[in-house]
Amino acid sequence: MNDDSIHRLAMNLSHLGQTALVQMLLIAVTVWLLISLIQRLVPALASRLSGRHRLHALALVPVLRLLAIAAAFLLILQRIVEPTFENLVGVLGALGLALGFAAKDYASSLIAGIVALYELPYRPGDWIEVDGIYGEVRTIGMRTVEIVTPEDTVAHIPHLKLWNQAILNANDGSQYLQCEADFYLHPHHDAAQVHRILHDVALTSPLLQIDRSINVIVREKPFGTHYRIKAYPLDPRQQFAFVTDLTVRGKAALRDAGMALASVPAIAEQSP
Amino acid sequence: MPEAQIERIVPTPDWQPAVAALDDTLTEWLVIEHLSNPSHACVFVIAPPHGGHGDMLTAWARHHDWRIVNPPKLEQILTQDLTWLEEQVRHPSPWVLPNLERCYLRHASGLELVRHLLDRSHTGSLGRGIIGCDSWAWAFLRKAWNGPEPPALAAQGFDQQCLARWFQDSIAGSEMDRLVFRQADSGAYVLPPPADMIEDKSIKTSEFLPILAAHVRGIPGIAHAIWRASLRTTPDETLSDTAANEDSANQCSTVWVTPWHQIRQPTPTSALLREQATLLHTLLLHAGLTRATLAPLLPLALSSAEAALARLEDADLVIRHENEWRISPMGYPIVRRFLRDDGYLIDGF
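If you're matching them up, the sequences are chains H and S in order.
Each residue of the first sequence is one higher than the last, beginning at 1 in full-length UniProt numbering.
Each residue of the second sequence is one higher than the last, beginning at 1 in full-length UniProt numbering.
Careful: at least some of the hints might be erroneous.
[To be verified] Here's a subset of chain H near chain S, in silico, CB distances under 7 Å, partners left out:
1) Asp182
2) Thr204
3) Pro206
4) Ile210
5) Leu234
These aren't lab readings, by the way, just hints derived from the structure by calculation.
By construction, the Cβ of each residue, glycine as well, lies at the ideal position given by its N, Cα and C atoms.
Let the hints inform the model, and build the full structure from the sequences given.
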C-alpha cells in the first residue's frame, strides 16, 4: 500500500457524511435485531422438533449469524470507503494491526469461532468436555461456546481452546451418545448368568436406543468382578436418567438372582 | 347421531370374512400332515394395533375347533415359571395362541418365558399352532429373541376400495339398502351411491375415504372408530337446500359424513408427547397394560403413572378397556408419528 492509497483512504474517511453514518447505524441495528431474532426463534423452533432434526436446526444458528455479520460488515465498508482493492487492503490491514496488538486473544477466539463453524468440533446439542468441564452446547457465540453442565451451571469457554486443547465430543452431532453403568460383584458367581441379566436390563430399559448395540464388558478386579453395560439412550439429554435407570434396575435384577455385590472395607476399618 | 343408529350403520366388526381369508391363505399348510421343516409347524399372524388379530384368531380357532391357548399369568411371566409352557406341550392337539404380546413384559425378568416359547415353536416341539402377535410387540421380540425369522402372515392394509366395501357390507338390515353417505359440507358422495344413480354425471365423489385410508395406514379398527365418529344426521348449514334434499327425490335416506378437517381428533402438545413418550411406547409394546403393571416397567412411581395416564386420557390419546390402558384408535396415528420421529422402536406397518 503506497502513500497515495493511504491518502485516498484518509480522504474517504474524512468525507463521511451524516447520511452515511445514519445508514451504518441502521445497518448495525438491523443486523443486531436480526441476530437476536435468529438466536431466539431458531432454538424455539428446534425445541419443537425431535432427535436429529433438533440438532440440525440448532446448528443453523451460528452459521446464520456469521452470514448476517459478514453482510453487515460489507454493507458498512461500502459506505466508509470506495470498495476498490487498495481501499479494502488498507482497511483490513489497519483492522488486523489493531486487533493483533490490542486484543490478540480476543481476535484469536473470533478466528477460532469461524474455524469451529467449518471444522465442527462442536455443534449446539453436542455433549462436550473441554478442560474438564462437561456439558451440553447451548449456543456458539462469536468468541465463546456456551455449555450447560449437568449441575445446570452455564460455562462460557473461549473458542481459543480449539488451538491447543483436546475437545471431547460425546455424540458428535448425532443423537447417539454412549453411556456406561458399572456394577461390582463378589467374585464367586456365574458370570455368564450375570452377563445375560445385565444385557436384558439394558434391553428392557424404556430409555434405550434399541437400534444401537448393547455391550456388557466383564473384568476381574482384586476386590471382585467389574461389569460395565455400554448402551445408548434415545436422546443424549436422557443420559443421566438412562444410567440411573440401568443402575437401579440392574441392582434389583442382580439382587433377585441372588447375586452378592462386592463390598470393599473402608480404609479406616482396616487400619489398626 | 344416536348410538343405536350408529350401531346399526357401523356395527362391531364381524370377523368371519377375515376367518375365511385366513383359511384361504393357510389351505396348503393345513392339509400337509408331516412338515419337512419343523420350524414351519407354527405360523405367526402379525397385525398392527386395532387390527383385530386376537378376535380374528379366536374366531378362527372356534371355527376349526382348535385349542385356544390363554396367555400366562403376570406372575408366571415375571417369575419365569415354565410350567405354563410345559402344560402346552402335554396337549398334542393343534392350538392357537391369539395374543403373543400377553406372554412377555419389557422387564429384565419378563423375557425368559417368551424366549422359551419362541425357541420351542421354532423346533416344532409344540406341535402345529398359530400365534397371533401385535406388530409393536413383534418388533420388540425380534430384537429380544435371536432365532431366525419364522413364517409370518399379515393382513393387507385396507385401501379406499376395501374400506368402502367393508362399510357398505357391514350395514345391518334391509332398510339400509337405499342409504347414501354424503359429505356434510359439499354433498359429495363418500361411499358409492346406489347403482341406478352412478350413471348421473353430476354426482360428485368425496376425497374422504382416500384420506381416511392413508391416515389410518390401512388399519381397519382405527378406520372403523373414525368412521363412527364422523357420522351425523344433518348437513352443514352452508349446504344448499337443493343439494341437501336431492336424495329424497331419489328415494334415498342420507347419512351425513363430517368433512375430514372438521372431525375432532386429538391435538396433544409436543411437550405432552415428549414427556409421556416412554409411557405411550410401553403401552404400544404390550398392546395395553393395567396401571399396576405399567409402573414397574417405567422409571415412574405408581402415582406418577396414574397422573400421566389421566393427562393422556384428557388428551384422548389413551382409553381404558376392561381395566387396561391402551392407545386410543384416534390417538394412534399421532402417537406413532411422534415416536417414529423421536427415534423409538416402531412397528413395520
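Now for the hints, and whether the structure bears them out:
1. Asp182: This interface hint is violated because 17 Å lies over the 7 Å limit.
2. Thr204: 5 Å, holds
3. Pro206: Because about 4 Å separates proline 206 of chain H from the closest Cβ in chain S, which is inside the 7 Å limit, the hint holds.
4. Ile210: 5 Å, holds
5. Leu234: 5 Å, holds
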